[in-house]
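Starting from the known structure of chain H, arrange chain Y on it as the hints suggest.
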Amino acid sequence: MVLDPMILDGAIALVKIGILLGVVFTTVAYLTFMERRVSALIQDRIGPNRVGPMGLLQPLADGIKFMWKEEFIPASADRKLFAIAPALILVPALLIFAVIPVGGEVTIPSFTLFGLQIQETTTTLQIIDLNVGILYVLGMTSVAVYGIALGGWSANNKFTLLGGIRSSAQMISYELSLGLSIVGILMLTGSLQMSQIVDAQDGFLDWFIFRQPLAFLIFVIAAFAENNRLPFDLVECEQELVGGFHTEYSSMRFSMFMIAEYASMIAASALMATLFFGGWHMPFEDQVGPGLVTLYQVAGFLLKTGFFLFVYIWVRWSLPRFRYDQLMAIGWKVLLPLALLNVVITGIWMLV
Amino acid sequence: MELYFFLFFAIVAVASSVAMILQRNPIYCVLLLIMVMISIAGLYLMLDAEFVAIIQIVVYAGAIMVLFLFVIMLLNLSREEGGTFRIQKPLAVVLAALLFLPLAAMVMSYAGGGTTTPVDGGEAGFGEVEQIGTLLFTKYLLPVEIAAVLLLIAIVGAVVLTRKGTVAVDG
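Quick mapping for you: the protein sequence lines, in order, are chains H and Y. Position 160 of the first sequence, counting from 1, maps to 160 under our numbering, and the rest follow consecutively. Positions in the second sequence are counted from 1; adding 352 to them yields our numbering.
Just so you know, the hints here were simulated from the structure itself, not pulled from any lab data. Watch out, some of these pointers could steer you wrong.
[As the list claims (entries may be wrong)] Computed cross-link-like contacts, SDA-like style, restricted to lysine to any residue with a CA-CA straight-line distance of at most 20 Å:
1) Lys80(H) x Ala371(Y)
2) Lys80(H) x Met387(Y)
3) Lys80(H) x Ile507(Y)
4) Lys80(H) x Met372(Y)
5) Lys80(H) x Met425(Y)
6) Lys16(H) x Thr32(H)
7) Lys80(H) x Val364(Y)
8) Lys69(H) x Thr32(H)
9) Lys333(H) x Ile507(Y)
10) Lys69(H) x Arg79(H)
11) Lys333(H) x Val512(Y)
12) Lys158(H) x Lys69(H)
13) Lys333(H) x Val370(Y)
14) Lys158(H) x Ile73(H)
15) Lys158(H) x Met425(Y)
16) Lys441(Y) x Val370(Y)
17) Lys158(H) x Ile507(Y)
18) Lys80(H) x Leu384(Y)
19) Lys158(H) x Leu427(Y)
20) Lys80(H) x Val388(Y)
21) Lys80(H) x Ile379(Y)
22) Lys80(H) x Gln375(Y)
23) Lys80(H) x Leu385(Y)
24) Lys80(H) x Leu374(Y)
25) Lys80(H) x Met252(H)
26) Lys333(H) x Asn377(Y)
27) Lys441(Y) x Cys381(Y)
28) Lys333(H) x Arg515(Y)
29) Lys65(H) x Thr32(H)
30) Lys16(H) x Pro5(H)
31) Lys333(H) x Leu513(Y)
32) Lys16(H) x Leu94(H)
33) Lys80(H) x Asn377(Y)
34) Lys80(H) x Arg515(Y)
35) Lys16(H) x Leu113(H)
36) Lys80(H) x Ser368(Y)
37) Lys158(H) x Met387(Y)
Chain H on its own, in the form it takes in the complex:
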C-alpha cells in the first residue's frame, strides 16, 4: 500500500516539529549548565562539576529539584492569570522556531515501514516557509510581552508589578529598533521569506554582516534588550526589585520562565545566524562531498547559533547593568535614529 502524499507531508511536519522541540529543550537544559560553567570560567571559579562526568548531568538534577519544590501561589494573587502567565511567555518563544531554516533541501528515499510503502520525497529543513516569515517573528516577539506583564501584575506585589511594567516598556521600545534594523536586509533581499533571505547569502562575502554591519549591531543590542538579558535585565534587577516579575513564582512555573528566557535566547541567536551570518550557508560548501553537504550546513548553522549563545553568556558576565533612564535613552535616542539612518544609507546604496 502506498501512503497518501498528504498524510506523508503531515507526518514529516510532525516529525520535524518533534525533533526541533527536542533539540530546543535539550539545548535549553544544557544552556543553563553552560551559563554556570562559563560564568565560573570568567570569574575564575570551577562551577558545577559534581553531578555526572564533568557535571554533565547537572541540568537533569536541576529539573528534578524544580519538580519537587513547593508550588506556592500568593494568597492575594489572581490565580488564573498567575497560572497561565509562564505559558504565555514560553509559547511565543517556541513558535518563533517554526520559520527558522536549519538547512536546505533533503531527499528522503523511498522505504517500506510496516507494509506501508513510503515514496521518495524532498523536504526542506524548516517547519514552514511563510511568505511573511520575518514579520511572523516580530509578531511573536511582540506577543511575548503579555507573559511578563501579566506575570508581574497577577502576583499582586509591587516589586513584580514594577518589574513587569519595566519589561513591557523596554520590550515595546526595543521592538522598534529590532524591526527597523532588519529593514535594510529586506530591502536588499526584496522578500520577507526566510528561505529567500538565506539564499541571498549563499556566497561567503554575500553574508549580510558584511553588507549591513550597522544593522547587525543594532539587531544584537535590541535582541539583548528583548530577551531581558544583561546589560539590559532591569526586569529582574536584584538590587532594586528583588527578583523582578517572577519574584513570587516557584517550582515548575518559575522554571518555565527560565526555559522561556533561554528558548528566546536560542531563537534570537538562530535569527542572528540566519539574518546576518548566511543561515545554513557555509564557506567552501561546494568542496564538501554531496552526501555530507547537508550535514556540513546544518552543523555550520548550529555552530553559528552556539557561538551567539556563548556571546550572550559572555556579555552577561562581563558588562554591568544599565540604569533604566539610560536604557530608554539608548533605545529611543541612539538605536532608533541609527536604524533609520541604516535604512536611508541602504536605500542610497541600492540606487547608486
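Relative to chain H, chain Y alone:
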C-alpha cells in the same frame, strides 16, 4: 479540514467576544479581546491573507492591546460594579438590533444564490506582501501619504502633551 479550522476560529472569536462583554474584570476583558484579535488573524490566514493576518497580530494583539493592558494595570481599575451603565444597556440592545438587521439581510440575500465567489480568490500571489506593497505605492499612494502625515502629527502631539509639566530649558 478547512471547515473545522474555520469553525474553531469562529467559535473562539464569538465566544471570546461574548465573554469579554460579560466579564467584569477589565484585565480579563483585555485578554479576551486579544483572543478575539488572534482568532480573527486565524480567519485571515485561512483566506490566504498571510500579511494581513500577521499585521493583525503585530499591530492589534502586539501593540495596541499592550497599551490597553498598561493603562488598566497602572490605573489599577478594579471590578466594574453593576449599575454604572444604566442608560447604555437598553440603548445598546436597540442599537445592536438595528445593526444586526442589515447584516442579516445581506447574509440572507447571498444565502440562496451561490453565484458569489471570493474576489480574486485562487489567483497566484493574492494577499502577498509584494502585491500589497505595489498597490500601496501606486494606486493608493495619496491615502498612504495622508495617513503617514496624520500619524506624524499624532506622534508630535503625544510628545508635546507629555512634555507639558517640564519647564523648557535652553541649550
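Taking the hints in turn, this is what the structure says about them:
1. Of the pairs offered as hints, the one joining Lys80(H) and Ala371(Y) holds, with about 15 Å between alpha carbons and a cut-off of 20 Å not exceeded.
2. Between Lys80(H) and Met387(Y) the alpha-carbon distance is near 16 Å, which keeps this suggested pair within the 20 Å criterion.
3. Among the hinted pairs, Lys80(H) with Ile507(Y) is inconsistent with the structure: their alpha-carbon atoms are about 36 Å apart, more than 20 Å.
4. Proposed proximity of Lys80(H) and Met372(Y) is supported: the alpha carbons are some 16 Å apart, at most 20 Å.
5. For the proposed pair Lys80(H) and Met425(Y), the alpha carbon gap of about 16 Å is at most 20 Å, so the pair holds.
6. Straight-line distance between C-alpha atoms of Lys16(H) and Thr32(H) comes to about 24 Å, which puts the hinted pair past the 20 Å bound.
7. Using a Cα cut-off of 20 Å, the hinted pair Lys80(H) and Val364(Y) holds, with the two alpha carbons roughly 19 Å apart.
8. For the hint linking Lys69(H) to Thr32(H), the alpha-carbon distance of about 18 Å falls within 20 Å, and the restraint holds.
9. Distance hint between Lys333(H) and Ile507(Y) is fulfilled; the C-alpha atoms sit about 15 Å from each other, no more than 20 Å.
10. Annotation: proposed proximity of Lys69(H) to Arg79(H) holds, straight-line Cα distance about 19 Å (limit 20 Å).
11. Note on Lys333(H) and Val512(Y): the hinted pairing holds, with a Cα-Cα distance of about 17 Å set against a maximum of 20 Å.
12. Of the pairs offered as hints, the one joining Lys158(H) and Lys69(H) is violated, with about 24 Å between alpha carbons and a cut-off of 20 Å exceeded.
13. With a C-alpha separation of about 43 Å, the suggested pair Lys333(H) and Val370(Y) falls outside the 20 Å cut-off, and the hint is violated.
14. Taking the CA atoms of Lys158(H) and Ile73(H), the gap is about 16 Å. The hint holds against a cut of 20 Å.
15. For the suggested pair Lys158(H) and Met425(Y), the alpha carbons sit about 12 Å apart, so the restraint of at most 20 Å is met.
16. With a CA separation close to 15 Å, the supplied pair Lys441(Y) and Val370(Y) stays within the 20 Å bound.
17. With a C-alpha separation of about 31 Å, the suggested pairing of Lys158(H) with Ile507(Y) is violated against the 20 Å cut-off.
18. With a C-alpha separation of about 13 Å, the suggested pair Lys80(H) and Leu384(Y) falls inside the 20 Å cut-off, and the hint holds.
19. Straight-line distance between C-alpha atoms of Lys158(H) and Leu427(Y) comes to about 14 Å, which keeps the hinted pair within the 20 Å bound.
20. The straight-line distance between the Cα atoms of Lys80(H) and Val388(Y) is roughly 19 Å, inside the 20 Å bound, and the hint therefore holds.
21. As the CA atoms of Lys80(H) and Ile379(Y) are separated by approximately 12 Å, the hinted pair is consistent with the 20 Å bound.
22. This hinted pair checks out: Lys80(H) and Gln375(Y) have alpha carbons roughly 14 Å apart, not beyond 20 Å.
23. A threshold of 20 Å between alpha carbons decides the hint, and for Lys80(H) with Leu385(Y) the separation of about 17 Å falls inside it, so the pair holds.
24. Our distance criterion of 20 Å between C-alpha atoms is met by Lys80(H) and Leu374(Y), whose separation comes to about 17 Å.
25. Of the pairs offered as hints, the one joining Lys80(H) and Met252(H) holds, with about 16 Å between alpha carbons and a cut-off of 20 Å not exceeded.
26. For the hint pairing Lys333(H) with Asn377(Y), the CA-to-CA distance comes to about 37 Å; that exceeds 20 Å, so the pair is violated.
27. This hinted pair checks out: Lys441(Y) and Cys381(Y) have alpha carbons roughly 18 Å apart, not beyond 20 Å.
28. Taken as a hint, the Lys333(H) and Arg515(Y) pair is honoured in the structure, with Cα atoms around 16 Å apart against an allowance of 20 Å.
29. The suggested pairing of Lys65(H) with Thr32(H) holds, with an alpha-carbon distance near 14 Å, which does not exceed 20 Å.
30. With a CA separation close to 16 Å, the supplied pair Lys16(H) and Pro5(H) stays within the 20 Å bound.
31. Taking the CA atoms of Lys333(H) and Leu513(Y), the gap is near 19 Å; set against the 20 Å cutoff, the hint holds.
32. Under the criterion of a C-alpha separation no larger than 20 Å, the hint pairing Lys16(H) with Leu94(H) is consistent with the structure, at around 14 Å.
33. Between Lys80(H) and Asn377(Y) the alpha-carbon distance is near 12 Å, which keeps this suggested pair within the 20 Å criterion.
34. At most 20 Å may separate the alpha-carbon atoms for a hinted pair to count; Lys80(H) and Arg515(Y) exceed this at roughly 38 Å.
35. For the hint linking Lys16(H) to Leu113(H), the alpha-carbon distance of about 18 Å falls within 20 Å, and the restraint holds.
36. For the given pair, Lys80(H) sits about 16 Å from Ser368(Y) by alpha-carbon distance, which is consistent with the 20 Å threshold.
37. Distance hint between Lys158(H) and Met387(Y) is unfulfilled; the C-alpha atoms sit about 27 Å from each other, more than 20 Å.
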